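Undergrad: Given chain A, put chain R in place with the hints provided.
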Amino acid sequence: MSALDPAPESAKRSWYKRNEIAVTPWLFLAPAMLFFAFYVIWPIYQSIMISFYDWDGLGDATFVGMGNYVELMDDGAFEVSLWNNLKWLLFYLLAIPGGLFIALFLNQTVTGIRLYKSLFFFPFVISQVVVGLVFSWFYLPNEGLLNGVLALVGLGPINVLGDPTWATYGIIAAGLWPQTAYCMILYLTGLNAVDPEQIEAGRLDNAKGWKMLWYIIIPQLKPATFIAFVVTIIGALRSFDLISIMTNGGPFGQTRVLSFYMFEKALSEYGFRMGYGAAIAVVLFLIMLVFIAYFLWSMWKEEKGR
Amino acid sequence: MRFTTTSMALALAGSTMLAGTAHAELTGDLKIFLDTSNPAPRATMEKMIGDFGALHPGLTIETTVIDREAYKTQIRNFLTADSPDVATWYAANRMTPYVSAGLFEDVSDLWAEPAIADNLASTKGAMTIDGKQWGVPYTYYQWGIYYRKDIYAELGLSEPTNFDEMKSNCQAIIDSGRACYTIGSKFLWTAGGWFDYLNMRTNGFDFHMDLAAGNVKWTDDRVRATFANWRELIDMGAFLENHQNYSWQEALPFMVNGEAAAYLMGNFAVAPLREAGLTDDQLDFYQFPAINPDVALAEDAPTDTFHIPANASNKEAAREFLRFAVSADVQTEINNGANLGQLPVNASASVDDDKFLNEGFEMLSSNSPGGVAQFFDRDYPAEMAAEAMQGLQEFMVIPDNLDDILNRLDKVQERVYK
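Going down the list, the protein sequences come from chains A and R. With my numbering, letter number 39 in the first sequence gets 482, and the count goes up by one each step, no holes. With my numbering, letter number 41 in the second sequence gets 1528, and the count goes up by one each step, no holes.
Isolated chain A, as found in the complex (with noise of 0.2 Å):
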């Protein structure tokens, strides 16, 4: 009888009531997940939408089909772009091991180290604009200090910004430096928690130098290292600031990257052109989506190995 009792009463309790085990956590969840859908599906959608048509914004819009994308195939810009691009993802990479070396140097017990360590932190307080700003100078053809440094050594004047050649990667040797301060902090970060049993262990098995750190150091530090690593590639995609303060683009256009160039299509003083500027958005999203379905395979299989 007893057993039959729990029954007719658990009818007469709510639904809500019934269901608070599987709800709640959706209950918790909506607010981001609205927000989620709201500010990045829906205009990811809309992006793909205007992309298929030929609009400037205020008039009307005229469908266009894949118009825009075969457009951009034949794109000598979008083409340096792209590269551009490429130069980026590979060279911004040099973070992670410089912020790792900055680290470690940054590990030791020195007199004074919180006065180094704090100066090291300082490029990533800055803002962009002004790391721009400051390496702008540092390159100026004529008066910059680079140039000074060069003529010492014998090294004739370049024109780093100013030379097609040069330029991308002034601006990336410019975003390295907040970069590199960025993964030296999370380094610094995954160091505090190595453990010293491991170490002394290490120590006991004869192992030091490289072989200390690339068996012992570097495998405790696979969350920071991931972590910088999706962070160096976000920032290496949507790299910006830097090009439109340093050198807008130029010296004629041979410093875009792709968010850039959209930027210059769609929404700069000369652009207007909303499809094509939203197809090459597309087209760095399909990029960035390489690299998002790569992260969250990462996880994924960090979670199932548990």
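A few of these clues could be false.
Which residues of chain R face chain A? A partial, calculated answer using Cβ under 7 Å [what the hints assert, rightly or not]:
(1) Lys1559
(2) Ala1588
(3) Lys1673
(4) Asn1729
(5) Gln1731
(6) Asn1732
(7) Ala1869
(8) Ala1872
(9) Ala1873
(10) Gln1880
(11) Val1884
(12) Asp1887
Pairs of lysine to any residue residues, derived as SDA-like cross-links and limited to a Cα-Cα distance of at most 25 Å, are as follows [stated by the list, open to error]:
(13) Lys1898/R - Gly500/A
(14) Lys1905/R - Phe495/A
(15) Lys1704/R - Thr1567/R
(16) Lys1905/R - Phe715/A
(17) Lys1636/R - Ser1734/R
No lab work stands behind these hints: they were computed from the structure. Since we're looking at a predicted model, the values are computed, not measured. Where is the CB? At the ideal position from N, CA and C, for every residue including glycine.
TA: Frame of chain A; chain R shown alone:
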């Protein structure tokens, strides 16, 4: 900011007369958006709006000043979404997107009034699209070559009147270890100014406008002739080296320090040059010399304008404000040396007694028989201008790429003017 009492009295008297002709007392709100964000123009505009407000106490005027560069992108938003009653913008092709989208009010009725029709006739063409007028001009300024008189004197040079003199002068300047012309092409439009002048001097105003209208291909031999002339200057080293690194302001110190002798620029360059310490004994102006003696001289003189957005809510007050802004006294006042330091558009207004304004006014009113262009990025459709100016900068840095550049521009032209 210094106002003489007489000019104030004049301005007030003039505008009261105008107000007398207006129908009824204006009431309600008047929202004005300005792009005059630099300190002097900003103060000038605010003062002018204050004067207008004093004449119409029933009107609540709200002024918003937006950074000049930001304005260029924001105008699209505020014209469609939250429209002011009056907005500043530029003449000629730069109006086209908003005119064709129906966002600017047709103000042909104002242009039919004798006070405007008679006095502003010179800019009517620049304000006309589809046979209607879409705004009124409040100021314009000449372009030309500003040069270091003391350097010219030191080298025994005089203002050139033709291309050969221009080149021989330039050679003398280069031999003295300076650049003939400073230029900062980082933001591209400065190169557009050089193309405007070289093309108008080589092929004439009408040809230049034909190219702007897309009736001539960029690979045309006549355009090539323009570039050939330009190349002569580039090859002799006339232009400041590494100009692609500098903005137009960053190119000023080269002239101030005497590393470059001249600057092809708009009259707005005079103020910073004077502030940097150049006196009127050191700084002078000449009209861009003739290249092809068979073509009439034509000039660039960009016009800044007021417009009424189509979605404005107080169009009556806005029209009254436009009448006020173009009236002779107000134009005299706002364009004087202490304020905008530019040229009044109203023919009955007087030009402030400033060396450069006088020379510019003289040049535009009597020595520009070919015509008056706006400027490269205002005469050419925006997209064409953007691509072309980038090509012009590339040409100035790597002249050998010319064929490639011109073919590319032909391709863009086909798309833009379809």
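Undergrad: Run every hint past the structure and note whether it holds.
TA: Right, here's what the structure says about each hint:
1. Lys1559: Holds: closest Cβ of chain A sits about 5 Å from Lys1559/R, inside 7 Å.
2. Ala1588: holds, 4 Å
3. Lys1673: holds, 6 Å
4. Asn1729: The hint holds - Asn1729/R has a Cβ within 7 Å of chain A, the shortest such distance being about 4 Å.
5. Gln1731: Because about 4 Å separates Gln1731/R from the closest Cβ in chain A, which is inside the 7 Å limit, the hint holds.
6. Asn1732: holds, 5 Å
7. Ala1869: Ala1869/R check passes; min Cβ-Cβ to chain A is 4 Å, inside 7 Å.
8. Ala1872: holds, 6 Å
9. Ala1873: holds, 4 Å
10. Gln1880: holds, 5 Å
11. Val1884: holds, 6 Å
12. Asp1887: With a closest approach of 13 Å, the Asp1887/R hint is violated.
13. Lys1898/R - Gly500/A: holds, 23 Å
14. Lys1905/R - Phe495/A: With a Cα-Cα distance of about 19 Å, the restraint between Lys1905/R and Phe495/A holds, given a limit of 25 Å.
15. Lys1704/R - Thr1567/R: Not OK: Lys1704/R and Thr1567/R at ~35 Å, beyond 25 Å, violated.
16. Lys1905/R - Phe715/A: holds, 17 Å
17. Lys1636/R - Ser1734/R: Answer holds: Lys1636/R to Ser1734/R is near 24 Å, not above 25 Å.
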